[in-house]
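Bring the two chains, given one by one in their own frames, into a single complex with the hints.
One line per chain: the protein sequences are V and G, in this order.
In terms of the numbering used here, the first sequence opens at residue 469 and continues consecutively.
In terms of the numbering used here, the second sequence opens at residue -13 and continues consecutively.
By construction, these hints were calculated from the structure, which means they are not laboratory data.
Glycine included, each C-beta is placed from N, C-alpha and C at the ideal position.
Among these hints, one or two may not hold up.
[As the list claims (entries may be wrong)] Facing chain G, from chain V, some residues (calculated, C-beta under 8 Å):
id, residue
1, 548
2, 553
3, 581
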Amino acid sequence: MTGERQDSRLLIETLGLTKRFGGVTALKGIDFRLKEGELRCLIGPNGAGKSTFFKCLTGQYKASAGEVRLRGQCLRHLQGHDIAQRGVGIKTQVPNVFENLSVRENVWLAALRVFGRQGAREKSEEIMERLGLTHLAETTTSRLAHGQRQLVELAMVLAPDPDLILLDEPAAGMSDEEISRLVDIIKQLNQHGALVIVEHDMQFIREIATTVTVFHQGEVLVEGGVQDILDNETVRDVYLGKETERC
Amino acid sequence: MSKLMNWSGSLLVVLAGLLALVIVPSIVELYVLIDLSIYASFGILALSLGLVWGYGGILSLGQAAFFGLGGYAYAVAAINLGDSASALLIGIAIPACFAAVLGYFMFWGNVSDVYLGVMTLTVALILHSFISQTAGDQWVIGNAPLGGLNGIPGTPILSWPWSPDASMTLREVYSVTVVLLLCSYLGCKAYLASNPGRILVAARENELRCQLLGYNVRRYKQLAFVIGGGLAGLAGVLFANSVFVNPAMFGLSVNAQSIIWVIVGGLGTLIGPLVGAFLVQFLTKSLGSISQVPGLAWLDPNLVLGLFLVLFVLFVPKGLAPLFRSASLGLFPLAGKAGLRKSSTNGRQRSGT
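One chain only, chain G, in its complex shape (with noise of 0.2 Å):
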C-alpha cells in the first residue's frame, strides 16, 4: 500500500498519458488538440523548473531563456538541414550546453539563492531583447533568418525519421508531444531516484553537509540545471511546432507563468508542476473566452487570474500536490505512516530558496 502511495503519482501521470494518447484525439476537434500540445510543451517547461527549484533548491527565474533557445535552436537547424529529427536532438542539446556554460560560472562562481535568480532572468531578457532586434536581411543563420519580432512564422513541422520529407500531421505531433511528456516525466523521476538526484535533494536539504560528506555540490546542482535546460530546450521545440518561434518565448511573461504553475502545482513535487501547467493555462483560455461572451467584457482575464493566484498563494500555499497527497492519506490512513515520510522529503518544507 506504501508503495502505491509514493507510485501513484506515476499511475497518474502515465495512465492520464495514455488517456490523453488514445482516446482523447478521438473525442476532441483538431483546435483542442493543438492547445492541448501547447499545453503538454509547457508541461515539460514546468517539469524542468520543478527539477530545478523544486529538487535542486535553484531558483531560475530565467528558465523561458532555454526554452526560447530550444524553440530557435531547432527552428534554424531544421530549415537549415532540412532534417527535423536531427533538429529536435540540436533543439536539446544548444540550450542544455547554454545551461551548462551559465551553470559553470553560476555554481562555480558560487553564486547563490536569489543572486542566481536575478542572474537567470537577466541572462532571459538579454536573449528576448536580443531576438527581437534581429529583423532584416543581415539576421540570418544560413538559411534561416531569425525575423526579429515576427520570430520564424515558416518553422518546419517535425517529421519521422524514417520519412524527413514529410511533415507531420498535427494530430501526430499531439501525440509524439504527449509521448515526450511522459518520458520526461518517468526520466525526471529516474534521475531523482539515482545516486545524483539523491545527493541532490540531500544538497537542497543541507549544502553544507553534502559537502562535509565529501560530495562536490556545486557539480550536482550543475547536472540538474543542465538537464533542467535540456528539458526546458525540449519544451521550446515542441512549443514551436504547435505555434511557431518568437521572441515572447523568451519573455518575461513566460518566465513569471513557469514560476505560477509550480506555485500553483506543488513546489518539490513533479507532479505538481504538471498539473499546475494545465490548469493555470486552461483557466487562462477559459477566462479568455468567457470574457468574449456580450455582457461579461468587463471580466478581464487577468484580473481574474491574478485573483486566483493570490487566493491559491494564501490558502494552498504548497500546491496542489502536496494538498492531494495529504487528502488521499486520510482516505488510506494505513499508507499514511510512509507516505507522511516521503512527502516532508519532497516537500521543502524547511530548506531555504
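Extracted from the complex, chain V is given alone in its bound form (with noise of 0.2 Å):
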C-alpha cells in the first residue's frame, strides 16, 4: 500500500556514516537511502546503533566519518536546528517533552516556529484533537503516564508538519488501545510524509511497515520486506529468536 505512493526521489541517504565513540564504534559506515514518501522500520538488538543512527541524521551527533545527505544536500556542517528547519522531526526514545508546561504549551511552542502564534494556537489544537489528546491540554505534562506523554511528544513531532518523521520506539509504555490509535496515526502520517520507525514490537510493525532495516553491531545487517526478514535464519539468530516464535 505505502510502496505503492513512494515517490521514486531520494529523501535522505547515509554514505558510510560511521560513530565512534573512543574505542568503540557504535556505526559502521552505514549506508541507508529513504524515499520520499517511503515507511521504513529498523529493528536490532539493545545496542545496534539505530539510536545513535537516529542522532547523526538529527545532528546531535556529529559523525566521525562518512556523511549524511537530505534531499541531496550534505548535513555535515548543520547544527540541530537547522536540520530541524529543513523538515526533520523526531521523536526521541525516552519522552523528551517540556516537563513543567502544559500539553497545549507543549504543543503550541512545538507549532510556533512554523505556523506564527495565532496559526500555532490553531495548528496545536487540531494536533491535540487527532491524538486524544484535547481533555488534557492544561494539564502539567510532567503529571501524565509514560504512554501519555509518548504521545504528547508525538503531537510535538507533527506540529511543525515535518517532511521526514523518525520515531524512536514510539509504542513504548503505550496501552492497546493507544498502539492501535498510533498504528491509525502512522498511516495516515505516511500519505504525507516519509518515516523511519525504530521498534521492537513485532506485532506493530507487522500492522505498519513495509520494508524493515536490520542493525547489528553497527551495520545494516539485512533489509527487506517484513516477512522475509521474519524467515531469514540470520536475523533470528542475531535478534528475533524466541520473539519471532512468539509472533
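This is the structure we're talking about:
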C-alpha cells in the first residue's frame, strides 16, 4: 500500500556513516537510503546502533566519518536546529518534552516556529484533537503517564509538519488502545511524508511496515520485506529468536 | 479570578510603585528617599539576574560586571558629554554590548552551567581588579579620571532632557528610579510573554527538545543575556546617581548579594528578586543601626544576616514569592487550578541550573 505511493526521489541517505566513541565504534559505515513517502522500520538488538543512527541524522551527534544527505544536501556542517528547520522531526526514545508546561503549551511551542502565534494555536488544537489529547490540554506534562507523554511528544513532532519523521520506540509504554490509535496515525502520516521507526514490537511492525532494515553491531545486517526479515535465519539468530516464534 | 491570580504580581508591583511615587516622598526624610533609591537600583539589578538565571537558566554569578560597567560608562559619558540623558543611554548600551560579546563566546562556545557561572564571575573580578588600579593621571578618559579605588566621586547627577544644565534634585532622582524600576519590571513581563520569551523558558525546561524543534537556543539565550546586561547597566547608572561610581560595584560583595536577593525572593519569578533586594538591603541597614545601640555592639550585622540566610534557605528554599503564591492559592481555591499550573511553569523545580 505504502510502497505504491512511494515517490522515487531520494529523501535521505547516509554514505559510509561511522560514529566512534573513544575505542567503541557504534556505527560502522552505514549506507542507508530512504525515498520520499517511504515508511521504514529499523530493528536490531540493544546496542545495535539504532538510536545513535537517529542522533546522527538529526545532528545531535557529528559523524566520525561518512555523511548524511537530505535531498542531496550534505548535513555535515549543520546544527540540530538547522536540520529540524529543513523538515526533520524526531521523537526520542525517552519522552523529551517540556515537563513543567501544559500539554497545550508543549504543542503550541512546537508549532510556533512554522505557523506563528495564531496559526500555532489552531495547529496545536488540531493535533491534540487528532491524538486524543484535548482533554489533557491543561495538564502539566510531568503529571501524565508514560504512554500519554509519548503521545504529547508525538504531537510536538507532528506540529511543525515535518517531511521526515523519526520515531524511536513510539509504542513503548502505551496501552493497546493507544497503540491501535498510533498505528492509524502512522498510516495517516505516511500518506503525506516519510517515516523511519525504531521499534521492538513485531506485531506493531507487521501492522505498519513494508520494509525493514536490521541493524547489528553498528552495521546493516539485512534489509527487506517484513515477512522476509522474519523468516531470515541470520536475523533470528542475532535478534528475533523466541520473539519470532511468539509472533 | 485566575487572570487576577496570574497578574497579581504585576498589580502588586504597580500599586507599590504608585504608592512609592505619590505617598512615600511626602512622609519620609530625604535620607530615607536616598536609601530607597539605592534599594530600587538594586531591585533592577536583582530583576536582571532573576530574568537571566530564573527564566533563562543562565547562572550569571558575575552580574555585577554589567552593573559596574553601566555606572562607569554613565559617569565617563556624563562628564565628557555634559548631557546626562544621553549618558544614561550609553550606560545601558555599553554593558548590553559587552554582554553580547561575552554571551557570543559563552553560548557559541557551548560553555554551560557551572562553567558559565565561573566565567561571568571571573570577568567581574577582572574588571574589579582593573578598575581598582586606575589611580593616577594616566587613567583618564577624556575629562573623566577613573580614580582607582576612590572611583569617580563627582559623578554627575541626571538632568531632564529639556533642561540639560540643571541636575535633578535627589527627590526627582528617586522618582525617576522608581519609574524606571516599574518600566523594567513591566518590560521583563512583556518580554517573557513574547515569542522569544516563551522559547527562552522552553529552552530552560528542555534545551535539546527546543533544538530538535528547530529553535536556535543560543540566539534566544544571548538575547536574554543582553537584556539582562542592559538592565544591570541601568541599575548601575541609577546607583551612580544615588551614591557614586567606585570599583566596589564590580566586587564579589555585589555579585553575592544579587544572588542572595534572587534566592530569598524566589528563583523563576520577577517579583521575587525585587522583594528580595528590598528586604535584604533593609535588613542589612537595620542590623547596622541596631549594632550601634549601646549594649548591642556584639550583634554583628553580617553574622545575623548570615544566620538569617541559612535559616531562609533551609526553611523557605523556593523563596518568598512562591511561598506567598501558595498561600494566596489557599485563600482563593477557585483560582488554584490555573495558578498552580502557572506557578509550576515559572518555578524551575525540575530544570537543572
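Non-conforming hints, listed in increasing numerical order: Violated hints: none at all, because every hint is consistent with the structure.
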